[in-house]
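Given two chains presented individually in distinct reference frames, assemble the corresponding complex, making use of the accompanying hints.
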Amino acid sequence: MPEYTRLIHQYLRHDKKFPHVWCPGCGNGILLGSLIRAIHKTGLSKDDIVLVSGIGCSGRLPVYVDFNTVHTTHGRALTFATGIKLANPALHVIVIMGDGDSMAIGGNHFIHAARRNIDVTAIILNNSIYGMTGGQYSPTTPYGMKASTAVYTSIEQSFKISELAVTAGAVFVGRGTVYHAKFLDGLIEKAIEKKGFSVVEAITHCHTQYGRQNRLGSAVDMMKWQRDSAVPLEKAAKMSEKELEGKIVTGILVDKDLPIYDKEYKKLRERAKGKA
Amino acid sequence: MAENKTRLLQGNEAIVEGAIAAGCRFFAGYPITPATEIAEGMSVKLPIVDGTFVQMEDEIGSMGAIIGASLAGVKSMTATSGPGFSLMQENLGFACISEVPCVIANIMRGGPSTGLPTNTAQGDVMQMRWGTHGDHPIIVLCPYSVEECFSVTLKAFNLSERYRVPVIITTDEVVAHMREKITLPPASSLEIIDRVRPNVPPDWFIPFEDNSLGVPPMSVFGDGYRYHVTGLVHDVRGFPTSKPDEVDGLIRRLHRKIDKGQGYIQEGEHFLTDDAEVVILAYGSIGRTAKQAAILARENGQKVGVFRPITLWPFMRKAVVDILKNVRAVIVPEMNMGQYSREVKRVDQGYARIITLNKVNGQVITPEEILKKLKEVY
Ligand SMILES: Cc1ncc(C[n+]2csc(CCOP(=O)(O)OP(=O)(O)O)c2C)c(N)n1
Ligand code: SF4
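Protein sequence lines, in the order shown, are assigned to chains A and B. Position one of the first sequence corresponds to residue -19 (our numbering), numbered consecutively onward. Position one of the second sequence corresponds to residue 586 (our numbering), numbered consecutively onward.
Chain B with its partners taken away, still in its complex shape (with noise of 0.2 Å):
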């Protein structure tokens, strides 16, 4: 009988764990600080089950490898970090408009350029969302934990499979090579999501037709439904096309697919918020500093709490908003000039003060560096 196992792993071992539990069966990448274990781990693990690894000459052919592997119906990964990642940003898009699921692991280090190799950071944050040219969605999920590594990872490859998008995991050098310890649960208790095929005779097989979901059933190469994939805008068929109408339908049911699925995509966590009059916004290794910081200052009678968007894109609105509703001020603690606070200004109509508190020295922050913004409201 499959039972739970108990482990002591790093961030990126557990990204691995993860993976291949999700049945990632093909990894393409590139050796990199801080993502380097997430390659050799899949190259250890992967022939083992079947699966295969390719240490590809750089990133964009990483991404490339990847994208022709879930067509050819395997579910695949790269991992990288910004210079990596920075390369890798045009196939991105080849596999947002082609509608292509794989997974993407950015561990974040200091940039831009070379940067901070081996120092932490929380810089990608608007490139993840805005990296690859042209109007896109993007999913970008971002752990705080070795076990979250795990899950995360999980849900990762599931949303790339049922909206066919690429999907991006991001952590930041700390949760890459912490150490914790995790529990493994038995494959038997996953639930596991693959891709929609088509069950219609290939003849009416109709390969980039809207549905409720807007998201097209996806055939695999050789199973007998030969259909046309290309970055190039495509009309229902996947033929290449300007017509406005065609165009315009496209691009607006790749953001709809996304939209629509906002409620199973976002996930956030609350700590001690209910009773809150100030809340602490943070995600990834800050979420963790957010939380001891908020300990502390309860300590001292301040109520103070913490949200922390698991989902970081599509951004989590609503949640968002019902916080700045309900409190004196939001802080933002963020490893970068203030990306993402920028987005909960744009959502605050005046309800809350938003207070920012910028690292950029490739240090973590740590509880009592927010403990004194908190004098700002106390």
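Isolated chain A (complex conformation) (with noise of 0.2 Å):
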């Protein structure tokens, strides 16, 4: 058995009813890859760990991980989060979700979570579609291609995720894809050791449903697209507005201090009681 699955098994839960519910092929299971390689090399024990989601595919993956999980409901994920956070700071709180999960449904909790900075990493699996539907169009599908509701493609713009959580106050925001596996396990376990709001918006594919209604073709075929249109941040500065149309900036948006929430409201009990 290669090392790394070896590394996986250790943290999947043995007594869950695999398979897992995802098609073969999806990109989750690459993220859920680098997401555990990312938390055993923060070394962070299992126990301390609490892993959140919401609804779709992609709010389907902490029930296959040996922490304390929890599938919420729809685009509410880091709501949860943040009782969970501000009860008990010591907890490491990771939050899993999907494009329309993220910035549909949940969308104003996602700027205000980023605004108060709640101390949590939020890692969103970005696949243009709602997979778990049926591939109805997300916050996300690009203007000009198709949907099951959507079959005359969409006449919407897009949000551009990272953007919008730098935006919101988010303090450390990077992108990256399921097909540079290894960068995404950087940009996560970056994500995991920052104090603050943290966000990672991982590029991936469905090709059952957003692949199959444009003729992108297989899984396959979608990664070498993300391998072919990925740009780093570094490049992408000198390049055109229109250069840049189709493409997948990756990199580090932004990293940066704020001011934490938990640890603000530990000086404000001070303040309360009056000793500060």
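To be clear, the hints were calculated from the coordinates, so they are not data collected in a lab. Source: prediction; values computed, not measured. Check before you lean on any hint, since a few could be wrong.
Below 20 Å or equal to it, Euclidean Cα-Cα: the simulated PhoX-like pairs (lysine-lysine) are [to be verified]: (1) 828/B / 958/B; (2) 888/B / 910/B; (3) 630/B / 246/A; (4) 828/B / -3/A; (5) 174/A / 21/A; (6) 140/A / 126/A; (7) 888/B / 247/A; (8) 888/B / 253/A; (9) 944/B / 960/B; (10) 243/A / 227/A; (11) 766/B / 590/B; (12) 204/A / 236/A; (13) 828/B / 845/B; (14) 236/A / 174/A; (15) -4/A / 630/B; (16) -4/A / 26/A; (17) 630/B / 243/A; (18) 222/A / 140/A.
In structure tokens, the structure reads:
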């Protein structure tokens, strides 16, 4: 058994009834691998990690891994995570969301968790579609692409998740793809170690829904597209908007420090008690 | 030595005192009339007792946050009114199915929609029972005085911890905002119930296994019992299932734990009912009106009593049937179009006449209005 498989098995729930729910070739499995490798590198104990997810194919991820895990309601994962983190700041809270989950129904929670600087890590699996419900268009479906509720193509503009996160006040934002899995490992590790609201946007593929409806080929074809479209941030800085159309800009968009809610609240308690 | 403290408090302030006394250390909420004083009070008091307050972006988030805090081992609550309570329904159902203790104060105002923000009503009685989708039991407690706001809040936390359920406290605008003298009992005199934690080794822990009470011990994130929490129907290990036997087992256990606990959960006040020919069945602020009406009726020689359910749900069927069997008529005055009287009619087997009195103009029902209804009997 290769070393990386052995490592992953250390973290999987052997008593969970596998197989998993995902389609063969889905990018969610790669992200799960990245997450495990990143957590392993941080050296955190399984007991100290709470993995929270919303609803969607992406939302099924926590059930397979041996941490404290919560599969919440659609779009609301960050609100549960807020309660968990503030109730016990010693816990490391990681939140897994889909693009519909985090940007449509959960968009408001997302910007407010970022603004409050709740010390959690938000990982978004951006596959540009509602996978679980059968391929309806999402807030990240590009203009002109097809979905089961956009058979005449989407006429809406799409969100840029990472850029939105930066504007909302996230202290760490990184974007990668599931093709560049090693780079993703590093991004996730940095995000977990970062104090404050950190975001990793993982561009991934849903060949079953998005790929099929837009004739983008197999999972492998879609991963080749990720390989060929990724442009590192430094290179992108020298490119025009036109040249960047359809590209995936990867890298760390922001890494800064702002007051963190639970730390600030600790000080507030002292003020309230009249000790400050 | 701890002593009784006598204070002049609002209903909402007494809920804050009751929550802190019960051990609530986390509050998440969003401002709304007539519940805002609870959030304000919690924001002042919680940091002093090493608790945490957070003002969320909406009531959906508030409900999510209190569930999260409870999973992390901290007693938690939120407070709201009609529009916010409507937004909480989905996550309230999550707390039901995943058995997370928490408390929700729903201070009723006029509806539907934005309705009558500053006036009183009792229009959420059925929403509190059935507001979240799916088949679920629920506990709803309804205090009628400032003193009771304190004791009922304490009880709400105790029940939520004992049965691992969300518990709703409901008052109407009148009880929320009126001021009364209240004697706060010393902390040492209060019975505080905490959730039962697992005591088996983590490897043996089966997080949703049935037992005699129907309430599995609850571990807290970080204490070594790693398990999965989901809003999906789950097996005893907490993992999603659609196997008919496992689905049936979970849904029935969720009901059974509350059915079996009825004797412990249900509480009501009998006032002058021993020899009563007519009983006024009233809850919340209307319980006050009803008592006054009974006193006035007795001055006229009419044998009138009051039954006041403090536990609105689960419905106090046995107590109500006992009354129905022994009286000529039951009058049900309420500030809605007859939500609770329907339940009374449902359990009536022709024992007694049931007279409804419904007021939906944002004003409280007066004793005179009840006395007028009495003329239909006398
Ligand atoms: C309140 C609510 N509305 C709708 C749904 C149905 N629903 C389930 S998953 C989903 C979309 C999932 O898409 P996304 O978040 O992009 O995740 P993916 O499945 O692609 O990983 C929807 C709309 C739901 N579960 N809850
Ligand atoms: S539908 Fe798409 S997102 Fe869902 S498991 Fe299949 S490939 Fe993955």
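Against the structure, the hints come out as follows:
Taking the CA atoms of residue 828/B and residue 958/B, the gap is near 54 Å; set against the 20 Å cutoff, the hint is violated. A threshold of 20 Å between alpha carbons decides the hint, and for residue 888/B with residue 910/B the separation of about 16 Å falls inside it, so the pair holds. Proposed proximity of residue 630/B and residue 246/A is supported: the alpha carbons are some 14 Å apart, at most 20 Å. A C-alpha spacing of about 13 Å is found between residue 828/B and residue -3/A, which places the hinted pair at or below 20 Å, so the restraint holds.
For the suggested pair residue 174/A and residue 21/A, the alpha carbons sit about 14 Å apart, so the restraint of at most 20 Å is met. With a CA separation close to 18 Å, the supplied pair residue 140/A and residue 126/A stays within the 20 Å bound. For the suggested pair residue 888/B and residue 247/A, the alpha carbons sit about 61 Å apart, so the restraint of at most 20 Å is broken. This hinted pair does not check out: residue 888/B and residue 253/A have alpha carbons roughly 55 Å apart, beyond 20 Å.
At roughly 18 Å between alpha-carbon atoms, residue 944/B and residue 960/B fall within 20 Å of each other, so this suggested pair holds. Under the criterion of a C-alpha separation no larger than 20 Å, the hint pairing residue 243/A with residue 227/A is inconsistent with the structure, at around 38 Å. For a cut-off of 20 Å, the pair hint linking residue 766/B to residue 590/B stands: about 10 Å separates their Cα positions. Restraint check for residue 204/A and residue 236/A: not satisfied, since their Cα atoms lie roughly 33 Å apart, outside the 20 Å limit.
Using a Cα cut-off of 20 Å, the hinted pair residue 828/B and residue 845/B is violated, with the two alpha carbons roughly 25 Å apart. About 9 Å separates the Cα atoms of residue 236/A and residue 174/A, which keeps this hinted pair within 20 Å; it holds. A C-alpha spacing of about 43 Å is found between residue -4/A and residue 630/B, which places the hinted pair above 20 Å, so the restraint is violated. Straight-line distance between C-alpha atoms of residue -4/A and residue 26/A comes to about 16 Å, which keeps the hinted pair within the 20 Å bound.
With a C-alpha separation of about 18 Å, the suggested pair residue 630/B and residue 243/A falls inside the 20 Å cut-off, and the hint holds. With a C-alpha separation of about 16 Å, the suggested pairing of residue 222/A with residue 140/A holds against the 20 Å cut-off.
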